[in-house]
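From first to last, the protein sequence lines are chains W and G.
Under the numbering used here, think of the first position of the first sequence as 1, with each following residue one higher.
Under the numbering used here, think of the first position of the second sequence as 1, with each following residue one higher.
Because the hints were derived from the structure by calculation, they are not lab data.
Quick reminder that beta carbons are idealized off the backbone N, C-alpha and C, glycines included.
Hints are supplied without guarantee of correctness; some may be wrong.
[To be verified] Keeping only pairs whose Cα atoms sit at most 30 Å apart, straight-line, the calculated DSSO-like set for lysine-lysine is:
no. : chain 1 : residue 1 : chain 2 : residue 2
1   : W       : Lys88     : W       : Lys189
2   : G       : Lys121    : W       : Lys88
3   : W       : Lys34     : G       : Lys123
4   : W       : Lys120    : W       : Lys88
5   : W       : Lys88     : W       : Lys34
6   : W       : Lys34     : W       : Lys250
7   : W       : Lys120    : W       : Lys189
8   : W       : Lys189    : W       : Lys250
9   : W       : Lys34     : G       : Lys121
[To be verified] With beta-carbon atoms standing in for the labels, derived distance ranges:
no. : chain 1 : residue 1 : chain 2 : residue 2 : range
10  : W       : Asp177    : G       : Val108    : 42 to 52 Å
11  : W       : Ser24     : G       : Leu274    : 45 to 55 Å
12  : G       : Arg119    : W       : Asp121    : 27 to 37 Å
13  : W       : Pro103    : G       : Arg119    : 12 to 22 Å
14  : G       : Ala25     : W       : Pro29     : 53 to 63 Å
15  : W       : Thr136    : G       : Gln284    : 40 to 50 Å
[As the list claims (entries may be wrong)] If the Cβ cut is set under 10 Å, some of the chain W residues that face chain G in the computed set are:
no. : residue
16  : Arg61
17  : Leu114
18  : Ala116
19  : Arg162
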Amino acid sequence: MSTTTLGTTAKSLVLESLHKRYESRGREPFHAVKGIDLHIEPGELVALLGPSGCGKTTTLRMIAGLETVTSGDIRIGDRSIPDLPPGKRDVGVGFESYALYPPLDVRGNLTYGLRARGVKDADTRVRAIAERLEMTDLLGLRPAGLSSGQKQRVALARALVRNPPVLLLDEPLSHLDAAQRQRVRRELKVLQREFGYTTIVVTHDQLEALSLADRLAVMDAGIIQQFGTADEIFDDPANRFVADFVGEPKINLAEGVVERTGVVRVGRDGALATASRAPAGTAVTVGVRPQDARVAVGEEPSVPGEVVVYEDLLEFGLATVRVEGLDASLVVQTPADVRWRRGDAVRLAAPPQRVYLFEPEGGARLR
Amino acid sequence: MLRERGPEVALARELTPGQKRVTPASVVADLAILAWFVFSLFPLVWMVLLALKNDADQTSTYFRFSPTTANFGTVLSQRGQDLTSVDFGQAMLTSVLNCAGAVLVSLVVGIPAAYAAGRWKFKGSEDLMFQMLSFRFAPELMVIVPLFVIYNTLGVFDTKLGMVWVLQLVTMPLVVWILRSYFQDLSPELEQAALLDGYTRRRAFLTVALPLVRPGIAAAALLAFIFAWNNYLFPLILTDSAATTVTVAVTKYLGGGGQAYYNLTAAAALLGALPPLVLALTIQRYLVRGLSFGAVKA
Ligand SMILES: Nc1ncnc2c1ncn2[C@@H]1O[C@H](COP(=O)(O)OP(=O)(O)OP(=O)(O)O)[C@@H](O)[C@H]1O
Ligand SMILES: [Mg+2]
Chain W
1 MSTTTLGTTA KSLVLESLHK RYESRGREPF HAVKGIDLHI EPGELVALLG PSGCGKTTTL
61 RMIAGLETVT SGDIRIGDRS IPDLPPGKRD VGVGFESYAL YPPLDVRGNL TYGLRARGVK
121 DADTRVRAIA ERLEMTDLLG LRPAGLSSGQ KQRVALARAL VRNPPVLLLD EPLSHLDAAQ
181 RQRVRRELKV LQREFGYTTI VVTHDQLEAL SLADRLAVMD AGIIQQFGTA DEIFDDPANR
241 FVADFVGEPK INLAEGVVER TGVVRVGRDG ALATASRAPA GTAVTVGVRP QDARVAVGEE
301 PSVPGEVVVY EDLLEFGLAT VRVEGLDASL VVQTPADVRW RRGDAVRLAA PPQRVYLFEP
361 EGGARLR
Chain G
1 MLRERGPEVA LARELTPGQK RVTPASVVAD LAILAWFVFS LFPLVWMVLL ALKNDADQTS
61 TYFRFSPTTA NFGTVLSQRG QDLTSVDFGQ AMLTSVLNCA GAVLVSLVVG IPAAYAAGRW
121 KFKGSEDLMF QMLSFRFAPE LMVIVPLFVI YNTLGVFDTK LGMVWVLQLV TMPLVVWILR
181 SYFQDLSPEL EQAALLDGYT RRRAFLTVAL PLVRPGIAAA ALLAFIFAWN NYLFPLILTD
241 SAATTVTVAV TKYLGGGGQA YYNLTAAAAL LGALPPLVLA LTIQRYLVRG LSFGAVKA
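One chain only, chain G, in its complex shape:
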């Protein structure tokens, strides 16, 4: 982002004259940060390496091997099915459809809900909001058994409709909570001015309030998409093969008793992490604001 440097930058420079001094304490701090990076990034590095190993090297722990990209080919092509009965490409597509569907439903229902919750205090409005939030911190395991029974009874087990539905537990609270704070930040007088000009409440909402929270909608939608994408338990229990998602498909390469393909698992996991990664990078700026639930103004 290109901004003109304000006076505060100049001031900061004056207050810290010269270069940063190297002290024993700062060296220790830098080393500690480095150690932390190595520690936290190592599993990722390991996974990348693993994904590049051929079958013979996959259980080895040394770093010298002749890398191959064949694993990605195997995962993406139908050939994977010879080994595990997983159609990874299909699972990717299902994941995209599930998550996009879930986010769409959450937006359609959640935006008006967030607006109402942000603008008006009504009987039970706070309770309702808290109830929503509690979906986020209640363990999914608590509801999964009854859901399994319900889904079987209703005939939505292993369907995309079922997944879109259950993923609302993940996406709806995010959308409503994030957008509520955006709506609260908007001066109600903007809409009131429109009302006085003769616009209806609906039009004032659509033409005044909604365009101003577009950044919030983008942040909420993408965060919700990522959370839905990463969900594992719901598709694991509530789908079988027709609506299987990436997160579940990845684990199939571990073999479940038969031969385990760690290298294919790693390759599939990397591929599966790509869409959220790309999304996260493109909207980084919105994400920080979105994650803070608007408590910190950007």
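Isolated chain W, as found in the complex:
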């Protein structure tokens, strides 16, 4: 594989207090993006993760130049781009809706963008990218004859073929089946590494984010809630939203009160040791991941409960434990070699640094 036709120089992508306020006539103004700061290193792949409507697409569209920037700055390398037209930004975009041009076949769709720039070796490039994404057999087909998964691969190829220093992909794999998704995901990662595109991938899928990204940006309500590696975000969530949004199965959240610094009361007669320094008497929301919960040993603070459901999932088990004085049950992920039974009485505990305390109101982390 020759890289001479495809090489690019990686550039950093910086967003600085980026705001977007939609003001369409006859509608309430809508503040979709409320001050985003992201410093993405050259060649880094960042996954933008967040619930529907949180402003992910809006952010990408501002970087691409398809939406005006209300305030703030975007820089690629050392070039500030908010005032440049989309075609001058060196940004490749894979659209959520594919945006393939119906009258042209796949080859035509891929060369279309290259022609605008007068690229000479367009055909070679198209062939190379088509081979990498295993779609040479699609080149002669029109978009109407493609499945949505195939369309998605073509859209991805079109974003890649121009070989842009910055690549923005809006849910690039959402329509692929599980097998294809894994393969294209891996290929995307390999290509991205090889050519050093600085990349943002928008996704709903945690697994995809974890497998693809160097760092994750978790977004909610127009704000980046946390930006960091998967480990940082999983082990040290910045707030209740991040803790709740990332992680499968979902984190257990329960109301509690700090008994004394380092110990928090949960339920009628339960208590957990925590690394948080929150003072005694503070009302908190306690978060414990199913993966961190375990059977208590010795005299350590613990939460007594009764197993109401046990699911054996081969690689691990999931026990649902009812706790006196708690509205919601707690879920515990158990190792494969121990089987819990319905009706078992258990005492639960967790490593203190994995017992997170959040403000009940705003959800901010109490460290």
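Following the hints, put chain G with the ligands in place on chain W, whose structure we already have.
Only chain G with the ligands this time, still in chain W's reference frame:
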């Protein structure tokens, strides 16, 4: 249109097993439809018959007569002029030029207007669109008197330029409204992808959006042509002889006080209806979609 029959066809067949049953209600319904057809087609049949009658039979109401095609010859040749001073061939040509001119101007101005209105909401855009539509349902009679005065003052009375101009009231709203819905149906991301590829907005419009709405342009253009062709009031008041159109010329055979030639009128009307009829038949498929203003997706 040849399409593979999908599963829904098979399903429909299963749901209605056997042949359609004949019930008293269905017989009544069929008869009612038949009656409606006879009622609505009768004037047309009558006109065809009338066009085939010679002068002696033209006021008769019976169906037995010896048909003649001489009336068409009379209308198309200059001989008609001996009777009414109408040059029907000239009127046909004028109609074609007027309508083609009007449609052309409407397309040149209306396509960009429809694109802008379909893509962007700007101050007053809805008002502007409604204003356009109101040209369609405001009676032409309301504006014809001031127009007559204006046309005389400007010296465009009885000119083709004047007709092309006034027919914009008919054709422009059609073109803009129909094409706007076509543009709205196009995903803006198609053009945005082109913008990212480095095309200018103008090029993105010309090379991406425009080719995709070609069916819409065809429908709008032909509908506009037909509406312009059928317009009667504007040429009646705003032309005299130089720019007289088919619709006006047809009525001249009624004689205006002198001898009335109903058979020639019918023959001329039939000839005058041919161009729109042919156009309508050739583009039937687009027309249905166009007429629904894109509200129903084909
Ligand atoms: N043109 C617009 N005018 C007004 N509001 C808009 C516009 N585009 C988007 N919004 C609003 O901005 C918010 C963010 O939209 P955006 O498309 O960025 O969400 P998203 O995070 O990409 O969601 P999804 O995961 O569903 O794609 C939404 O509440 C949406 O309704
Ligand atoms: Mg989106």
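We went through each hint and held it up to the structure:
{"no.": "1", "hint": "W/Lys88 to W/Lys189", "in the structure": "26 Å, holds"}
{"no.": "2", "hint": "G/Lys121 to W/Lys88", "in the structure": "26 Å, holds"}
{"no.": "3", "hint": "W/Lys34 to G/Lys123", "in the structure": "26 Å, holds"}
{"no.": "4", "hint": "W/Lys120 to W/Lys88", "in the structure": "19 Å, holds"}
{"no.": "5", "hint": "W/Lys88 to W/Lys34", "in the structure": "26 Å, holds"}
{"no.": "6", "hint": "W/Lys34 to W/Lys250", "in the structure": "27 Å, holds"}
{"no.": "7", "hint": "W/Lys120 to W/Lys189", "in the structure": "27 Å, holds"}
{"no.": "8", "hint": "W/Lys189 to W/Lys250", "in the structure": "27 Å, holds"}
{"no.": "9", "hint": "W/Lys34 to G/Lys121", "in the structure": "24 Å, holds"}
{"no.": "10", "hint": "W/Asp177 to G/Val108: 42 to 52 Å", "in the structure": "49 Å, holds"}
{"no.": "11", "hint": "W/Ser24 to G/Leu274: 45 to 55 Å", "in the structure": "49 Å, holds"}
{"no.": "12", "hint": "G/Arg119 to W/Asp121: 27 to 37 Å", "in the structure": "35 Å, holds"}
{"no.": "13", "hint": "W/Pro103 to G/Arg119: 12 to 22 Å", "in the structure": "20 Å, holds"}
{"no.": "14", "hint": "G/Ala25 to W/Pro29: 53 to 63 Å", "in the structure": "58 Å, holds"}
{"no.": "15", "hint": "W/Thr136 to G/Gln284: 40 to 50 Å", "in the structure": "42 Å, holds"}
{"no.": "16", "hint": "Arg61", "in the structure": "8 Å, holds"}
{"no.": "17", "hint": "Leu114", "in the structure": "8 Å, holds"}
{"no.": "18", "hint": "Ala116", "in the structure": "4 Å, holds"}
{"no.": "19", "hint": "Arg162", "in the structure": "7 Å, holds"}
The structure meets every hint from the earlier list without exception.
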